[in-house]
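> One letter stands for each residue in the lines below.
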Amino acid sequence: NAGVMQNPRHLVRRRGQEARLRCSPMKGHSHVYWYRQLPEEGLKFMVYLQKENIIDESGMPKERFSAEFPKEGPSILRIQQVVRGDSAAYFCASRDQGTSGNTIYFGEGSWLTVV
Amino acid sequence: QQQVKQSPQSLIVQKGGISIINCAYENTAFDYFPWYQQFPGKGPALLIAIRPDVSEKKEGRFTISFNKSAKQFSLHIMDSQPGDSATYFCAASYGGATNKLIFGTGTLLAVQP
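Chains as they are written, first to last, in this note's numbering: chain Y, 1 to 115; chain F, 1001 to 1113.
Among the hints, a few may not be true.
Now the in silico label distances, taken between C-beta atoms and shown as ranges [to be verified]:
| no. | chain 1 | residue 1 | chain 2 | residue 2 | range |
| --- | --- | --- | --- | --- | --- |
| 1 | F | F1039 | Y | G59 | 23 to 29 Å |
| 2 | Y | R14 | F | N1022 | 29 to 35 Å |
| 3 | Y | E18 | F | H1076 | 42 to 48 Å |
| 4 | F | I1018 | Y | P39 | 26 to 32 Å |
| 5 | F | A1070 | Y | R14 | 46 to 52 Å |
| 6 | Y | G59 | F | G1017 | 49 to 55 Å |
| 7 | Y | E52 | F | G1041 | 29 to 35 Å |
| 8 | Y | R78 | F | Q1072 | 35 to 41 Å |
A few chain Y residues that face chain F, going by a derived Cβ cut-off under 8 Å, partial list only [claimed, not checked]:
| no. | residue |
| --- | --- |
| 9 | E41 |
| 10 | Y48 |
| 11 | N53 |
| 12 | F65 |
| 13 | N102 |
| 14 | E108 |
| 15 | G109 |
With a cut-off of at most 30 Å between alpha-carbon atoms, the simulated DSS-like pairs for lysine-lysine come out as follows [unchecked claim]:
| no. | chain 1 | residue 1 | chain 2 | residue 2 |
| --- | --- | --- | --- | --- |
| 16 | Y | K27 | F | K1057 |
| 17 | Y | K62 | F | K1042 |
| 18 | F | K1057 | F | K1068 |
| 19 | F | K1005 | Y | K62 |
| 20 | Y | K71 | Y | K44 |
| 21 | Y | K44 | F | K1071 |
| 22 | Y | K51 | F | K1042 |
| 23 | F | K1068 | Y | K71 |
| 24 | Y | K44 | F | K1005 |
| 25 | Y | K44 | F | K1057 |
| 26 | F | K1058 | Y | K27 |
Derived from the structure by calculation, the hints contain no laboratory data.
None of the values given here were measured: they were computed from a predicted structure.
Ideal Cβ placement from N, Cα and C applies to all residues, glycine included.
Use the sequences and the hints to build the structure in full.
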């Protein structure tokens, strides 16, 4: 029973390039979250998606960042024109539909380094 | 209102001792309080969680104590082991449309042999 799968695990990009992070939720899960963890800091909520819908993007920077969760395929977090401050670990998490408090399962993360 | 404050930032405990990590919140709408454990280079993993209708929950060596009136909750690790050395995050969420977790800033626990 595969968990939340993220790839790539590590990604190096030069300033100005695009970073594309992928997340496949746990089997049967239709809710996906993206969190960012800066070095020595906690996890900050970025966006919450259901299939084909962005439900809450209150934590997403207004520019350069976008997310999608298409009907088929993984969820994608896209960062355009990366800057050094984007260097962080990006975690995807998923849960199944249902009442509040359902366990949210995290992936192993994608570590982005901008040089 | 959306913050979860966690302390201490770091903690050193001797093997066999008790590790205690505290969290406080403001938003009384929060109704779910999990603790996550994270090892270096790994994702957070759910350790134990509690709802505000109970004051304590125990799972093995891990116990959550919850004080609704004080809006505080804590994680106790009994008989701490070197393998418990990790970063621990408290979190809180409420239903609404998202169930998103609001995390504390984390506590780096080192258990010395």
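> Each hint: holds or not?
For each hint, the structure was consulted:
1. Separation of F1039 (chain F) from G59 (chain Y) is about 24 Å and conforms to the stated range, judged on CB atoms against 23 to 29 Å.
2. Against the hinted window of 29 to 35 Å, the Cβ-Cβ separation of R14 (chain Y) and N1022 (chain F) comes to about 42 Å, which falls outside the hint.
3. Between E18 (chain Y) and H1076 (chain F) the Cβ separation comes to about 45 Å, which falls inside the hinted range of 42 to 48 Å.
4. Between I1018 (chain F) and P39 (chain Y), the C-beta spacing of about 29 Å keeps the proposed range 26 to 32 Å intact.
5. At about 49 Å, the beta-carbon gap between A1070 (chain F) and R14 (chain Y) stays in the expected band of 46 to 52 Å.
6. Taking the beta carbon of each, G59 (chain Y) and G1017 (chain F) are about 37 Å apart, not inside 49 to 55 Å as hinted.
7. Between E52 (chain Y) and G1041 (chain F) the beta carbon distance is about 32 Å. The supplied range of 29 to 35 Å therefore holds.
8. R78 (chain Y) and Q1072 (chain F) have their C-beta atoms about 39 Å apart, which keeps the hinted 35 to 41 Å range intact.
9. Below 8 Å, beta-carbon pairs count as interface contacts, and E41 (chain Y) has one with chain F at about 7 Å; its hint therefore holds.
10. Here the hint on Y48 (chain Y) is kept, as its CB sits about 5 Å from the closest CB of chain F, short of 8 Å.
11. Hint status for N53 (chain Y) relative to chain F: violated, with the closest Cβ pair at about 11 Å, above 8 Å.
12. Proximity of F65 (chain Y) to chain F is violated relative to the hint, the smallest CB-CB distance being about 16 Å (cut-off 8 Å).
13. Taking 8 Å as the C-beta cut-off, the interface hint given for N102 (chain Y) holds, the closest approach to chain F being about 7 Å.
14. Annotation: E108 (chain Y) was flagged as interfacial toward chain F, and the flag holds, the nearest CB pair being 5 Å apart, inside 8 Å.
15. The beta carbon of G109 (chain Y) is positioned within 8 Å of a beta carbon in chain F (closest approach about 5 Å), and the interface hint is therefore held.
16. Distance check on the hinted pair: K27 (chain Y) and K1057 (chain F) sit about 29 Å apart at the alpha-carbon level, within 30 Å; holds.
17. Proximity of K62 (chain Y) to K1042 (chain F) is assessed by CA-CA distance (about 28 Å); at most 30 Å being required, the pair is judged to hold.
18. Between K1057 (chain F) and K1068 (chain F) the alpha-carbon distance is near 14 Å, which keeps this suggested pair within the 30 Å criterion.
19. A threshold of 30 Å between alpha carbons decides the hint, and for K1005 (chain F) with K62 (chain Y) the separation of about 26 Å falls inside it, so the pair holds.
20. A C-alpha spacing of about 26 Å is found between K71 (chain Y) and K44 (chain Y), which places the hinted pair at or below 30 Å, so the restraint holds.
21. About 21 Å separates the Cα atoms of K44 (chain Y) and K1071 (chain F), which keeps this hinted pair within 30 Å; it holds.
22. Of the pairs offered as hints, the one joining K51 (chain Y) and K1042 (chain F) holds, with about 26 Å between alpha carbons and a cut-off of 30 Å not exceeded.
23. The suggested pairing of K1068 (chain F) with K71 (chain Y) is violated, with an alpha-carbon distance near 41 Å, which exceeds 30 Å.
24. Simply put, K44 (chain Y) and K1005 (chain F) have alpha-carbon atoms about 13 Å apart, close enough for the 30 Å limit, and the pair holds.
25. At roughly 26 Å between alpha-carbon atoms, K44 (chain Y) and K1057 (chain F) fall within 30 Å of each other, so this suggested pair holds.
26. Of the supplied pair hints, the one linking K1058 (chain F) and K27 (chain Y) holds, its CA atoms being roughly 29 Å apart against a limit of 30 Å.
Comparing the model with each earlier hint shows violations of hints 2, 6, 11, 12, 23; every other hint is respected.
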